[in-house]
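Using the sequences plus the hints, can you model the full thing?
Residue numbers (my numbering), protein chains in the order written: chain A, 1 to 256; chain B, 257 to 581.
Source of the hints: derived by calculation from the structure; they are not laboratory data. Fair warning: there could be bad hints in the mix.
Said to hold, decoys possible - List of simulated lysine-lysine pairs, DSBU-like, C-alpha gap at most 30 Å:
| no. | chain 1 | residue 1 | chain 2 | residue 2 |
| --- | --- | --- | --- | --- |
| 1 | A | 225 | B | 445 |
| 2 | A | 66 | B | 441 |
| 3 | A | 225 | B | 579 |
| 4 | A | 233 | B | 539 |
| 5 | B | 335 | A | 107 |
| 6 | A | 232 | B | 335 |
| 7 | A | 232 | B | 342 |
| 8 | B | 441 | A | 232 |
| 9 | B | 566 | A | 233 |
| 10 | B | 342 | B | 387 |
| 11 | A | 2 | B | 445 |
| 12 | B | 579 | A | 232 |
| 13 | A | 105 | A | 225 |
| 14 | A | 225 | B | 441 |
| 15 | B | 288 | A | 225 |
| 16 | A | 105 | B | 471 |
| 17 | A | 225 | B | 342 |
| 18 | B | 445 | A | 233 |
| 19 | B | 404 | A | 233 |
| 20 | B | 566 | A | 232 |
| 21 | A | 232 | B | 576 |
| 22 | B | 546 | A | 225 |
| 23 | B | 445 | B | 422 |
| 24 | A | 232 | B | 477 |
| 25 | A | 2 | B | 335 |
| 26 | A | 107 | B | 387 |
| 27 | A | 105 | B | 441 |
| 28 | B | 396 | A | 233 |
| 29 | B | 566 | A | 64 |
| 30 | A | 20 | B | 404 |
| 31 | A | 20 | B | 342 |
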Amino acid sequence: MKFYVCIKQVPDVNAPLQIKDGQLVQDADRNILNAYDASSIEEALVITEAHGGEVEAVLIGPEKAKETLRKALAMGADSGTHIVTSGDENYDSFAYAKILATFFKDKEYGYILCGKQSQDTDSGLTGSMLAEMLNLPYSTNAVGLELQGDHIVVKRQGDTGQEMIELASPGLVTCSNDMNDPRIPSLKGIMQSKRKPVDTIALSDLNAGISEADTKTNILSFEEKPEREPGKKYEGEPEEIARQVAQLLDTEENVI
Amino acid sequence: MSTLLTYISINDGKIKRSSLEVLSRCNELAEKHGLKSAALIIDQDPAPAAETLKTYGPSVIYTIKNPIFKNHLNTPLLKALSTAVKQIDPRVVAFASTEGSKDILGALAANLSAAALADMSEFDLTDDGVKGKRPIMASKIISAVEAKGTPVVLTVRSGSYDVVEKQTDSSVESIDFAFSEDELKVTLKEIISASSDRIDLSEAEVVIAAGRGVKDEEGRKLISELASVLNAGIGASRALTEGGAYDPSLQIGQTGKVVSPQLYIGVGISGAIQHVAGMANSKVIVAINKDPDAPIFDIADYGLVGDLYKVLPPFIEELKKIKQN
Ligand SMILES: Cc1cc2nc3c(=O)[nH]c(=O)nc-3n(C[C@H](O)[C@H](O)[C@H](O)COP(=O)(O)OP(=O)(O)OC[C@H]3O[C@@H](n4cnc5c(N)ncnc54)[C@H](O)[C@@H]3O)c2cc1C
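Here's what the structure looks like:
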């Protein structure tokens with residue numbers, strides 16, 4: 001069975017951040033493979049290693065993002081497609097989903113996997129938008145996948161429990177990072193990744209027909225989250241500090 | 257085009273508070289902009305919830321009734337929402353941010369060719385759409401965003417608005433909806449749920465969150481005791497949900513749930529940004545950690561530096577005394 005995994009390069013949220021002239025500026029150039037996408041790749045690899053099949057990673061992004069596609073190949077994906085953008089587009093999830101839908105239009109596959117959200121913007125929209133555009137059955141926030149014959153069973157994290165869902169093929173699943181621990185590429189994997197096939201498509205050659213109307217949301221500005229007033233640290237005898245804070249929660253904060 | 261529509265999430269027959277928060281905000285916006293606030297219930301038995309909703313101010317309560325809505329399943333829910341939206345023609349369709357609404361928001365937007373805004377912490381109307389704010393970069397940054405067109409579909413973080421009661425003469429209108437099992441592209445086989453008598457984490461006034469420092473049965477017992485004294489919901493960091501010590505639905509943070517209680521007590525939690533992303537809006541934050549340099553102390557109002565196994569017993573004792581008085 002063929003698995004496509006949609007991946008994205010994101011800024012590392014742990015890297016120092018600044019807002020300069022209304023733009024987000026990252027001190028160091030620290031871009032990484034979105035953690036939720038890494039889990040999607042890992043899961044596709046685990047399934048195809050056990051049952052046979054192939055894994056292709058698809059990335060939309062500027063030239064520089066190719067390093068992230070290489071990482072997916074180094075983890076073990078068989079091949080990759082890079083849809084190259086200029087990096088200056090102000091596309092939103094809808095526009096990206098439409099680009100992916102154009103790419104997948106004439107493809108054959110068992111399942112498309114996506115991260116459930118991206119670590120930088122946390123919108124979590126592209127996956128189910130893509131499913132709807134391709135008219136595929138889908139499941140989101142998967143924490144487990146199992147191939148049973150010709151279809152997969154998804155364990156989905158719902159609000160209060162886990163839902164076991166049978167999903168027909170072809171279908172789409174968005175994956176949580178609670179699903180697995182993505183492997184770190186081995187040296188051998190990194191060497192092999194250099195010889196793996198990567199198809200590079202300029203966005204303009206894809207004819208996705210992205211118009212202004214396809215970007216339906218805009219970011220207007222950024223601001224730093226206001227910091228909390230620093231509180232007080234209590235050190236010393238456990239009994240004493242425990243009593244003291246318990247009292248204050250009652251008398252000062254009125255939350256007991 | 258003159259309606260603000262709030263989708264009402266129901267869990268175990270009970271309306272989720274976060275839905276009432278969103279409805280209250282829509283009531284306020286409707287008044288401010290001269291529009292109509294309406295609610296939508298999609299359930300196997302919407303009548304009781306519709307009755308309750310009359311205390312919360314919508315001028316119309318739309319209902320869709322079908323046995324298929326006993327459990328969450330995206331295919332029928334999507335079809336029902338799409339049917340309702342086409343009939344009602346609202347300017348905004350607003351949801352509380354839950355795993356249920358996150359499951360369908362993107363697909364609904366694609367289906368309606370509408371703009372979608374996820375996990376908003378604030379929103380208002382503009383002449384031709386919606387503007388508002390949402391946290392990004394693991395909640396380190398707030399971005400101001402706008403969406404154009406009709407309708408705009410959006411989800412709102414729990415705790416962003418207060419629930420305001422408002423008695424109204426709401427009319428209840430049921431919307432015709434048919435669904436045959438043949439249309440199901442996904443099949444729900446089983447629901448594995450953790451104990452049901454638990455307090456809903458996203459609605460709890462007090463949340464106790466356990467982290468890696470809570471390393472054994474004894475530690476978990478102390479957490480349960482503390483939670484029971486304070487009538488609190490129990491949550492956990494990823495370190496503990498991943499290891500299986502706590503149910504995955506209890507994870508607080510970027511991957512897990514967002515909580516905004518009056519009181520959050522983090523026990524043996526370091527305060528990684530991905531965890532903080534889910535609890536930073538708590539009113540009072542208490543942290544218990546043996547490492548004086550743990551990042552959680554940077555955001556804690558009360559930081560107890562010490563071994564949780566030594567701090568918790570007297571803390572619980574003292575709280576019991578306070579409660580008894
Ligand atoms: C994309 C992504 C999403 C994520 N989403 C989430 C999420 O939703 N929620 C989440 O929680 N994490 C999330 N994480 C993981 C997060 O980065 C941290 O790894 C995790 O929160 C750490 O959990 P912890 O604080 O319990 O453990 P640790 O970081 O190991 O901290 C344990 C703390 O316990 C203290 N301690 C140990 N023993 C004791 C004792 N006896 N008494 C007192 N204190 C003690 C230690 O000093 C330490 O500070 C995510 C990570 C990524 C990359």
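Verification of the supplied hints:
no., hint, in the structure
1, 225(A) x 445(B), "violated (42 Å)"
2, 66(A) x 441(B), "violated (35 Å)"
3, 225(A) x 579(B), "violated (35 Å)"
4, 233(A) x 539(B), "holds (17 Å)"
5, 335(B) x 107(A), "holds (26 Å)"
6, 232(A) x 335(B), "violated (52 Å)"
7, 232(A) x 342(B), "violated (54 Å)"
8, 441(B) x 232(A), "violated (54 Å)"
9, 566(B) x 233(A), "holds (17 Å)"
10, 342(B) x 387(B), "holds (23 Å)"
11, 2(A) x 445(B), "holds (24 Å)"
12, 579(B) x 232(A), "holds (24 Å)"
13, 105(A) x 225(A), "violated (41 Å)"
14, 225(A) x 441(B), "violated (42 Å)"
15, 288(B) x 225(A), "holds (28 Å)"
16, 105(A) x 471(B), "violated (50 Å)"
17, 225(A) x 342(B), "violated (38 Å)"
18, 445(B) x 233(A), "violated (50 Å)"
19, 404(B) x 233(A), "violated (47 Å)"
20, 566(B) x 232(A), "holds (20 Å)"
21, 232(A) x 576(B), "holds (23 Å)"
22, 546(B) x 225(A), "holds (27 Å)"
23, 445(B) x 422(B), "violated (40 Å)"
24, 232(A) x 477(B), "holds (27 Å)"
25, 2(A) x 335(B), "holds (29 Å)"
26, 107(A) x 387(B), "violated (37 Å)"
27, 105(A) x 441(B), "holds (19 Å)"
28, 396(B) x 233(A), "holds (23 Å)"
29, 566(B) x 64(A), "violated (52 Å)"
30, 20(A) x 404(B), "holds (26 Å)"
31, 20(A) x 342(B), "violated (43 Å)"
Violated hints, listed in ascending order, are 1, 2, 3, 6, 7, 8, 13, 14, 16, 17, 18, 19, 23, 26, 29 and 31; each of the other numbered hints is respected by the structure.
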